[in-house]
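5 is the number of the first residue of the sequence shown in my numbering; add one for each residue after it.
Read the hints as simulated data drawn from the structure, not as lab findings.
Treat the hints with care, since some could be wrong.
[Said to hold, decoys possible] Distance condition first, Cα-Cα at most 25 Å in a straight line; then the derived BS3-like pairs of lysine-lysine:
1) K167 - K177
2) K13 - K130
3) K119 - K167
This one's a predicted model, so the numbers in the text were calculated from it and none came from an experiment.
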Amino acid sequence: VWVKGVNLKNDTQAVKQSIGYVPELAELYDVLTPREFLHFMGALYNMPEALVEERMLKMLGAFGLTANVDQRMDSFSKGMRQKVLITSGLLHNPDVIVLDEPLSGLDANSVIIIKELISKLAQDGKTIFYCSHMMDVVEKVSDRIVLIDQGAVIADGSFEELKAQQGDASLEKIFAHLTAKDGLSDAASQLMEAFQ
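Produce the entire structure from the sequences given, and follow the hints as far as they go.
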């Protein structure tokens with residue numbers, strides 16, 4: 005595996021320094037505060053404490069978590085945890101960012117912030133791998149889309165290219181068509197029959 009021209013086998017540390025990862029599940033050290041957790045994460049990347057503190061306060065402030073910076077995370081909602089997790093994945097300003105369902109548990113305003121942030125990060129030259137089942141979001145934030153079904157790539161291209169190949173449809177409908185699941189509204193009707 006090569007990342008930014010560096011072979012993972014030759015320089016694991018350099019590769020890790022250039023990657024930021026935000027997993028779907030917000031597994032954090034619950035007994036820590038965001039400040040403690042983010043300083044711990046910053047230390048893993050050899051970041052100066054003053055820089056960690058500055059970025060942490062700016063990023064958590066943007067999410068409205070300034071008042072919670074010294075509160076233990078075991079009392080946080082899923083959305084609050086997700087905001088801390090997003091902050092930790094971006095804290096060291098990585099060039100390659102892997103986002104696995106980053107909107108999970110976020111409120112509507114935070115979703116808007118993250119979608120705008122993804123756009124700004126891409127404009128800044130960052131490479132972003134955005135994994136999601138929310139096709140409407142993927143459609144809006146991606147310049148290249150790879151659709152995978154049962155481990156196999158079934159489509160690869162920009163949204164405009166996929167629309168041209170599959171007919172003028174939403175990404176959700178394109179995915180349903182390519183996975184031979186065009187009768188999904190029939191399945192929804194079948195579920196409704198359970199209530200009758």
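K119 paired with K167 [C-alpha distance capped at 25 Å]: Holds. K119 to K167 sits at ~22 Å (cutoff 25 Å).
25 Å Cα cutoff - pair K13, K130: holds, 23 Å
Would the hint linking K167 and K177 be met if the CA-CA limit is 25 Å? holds, 10 Å
Against the hints set out earlier in the document, no violation occurs for any number.
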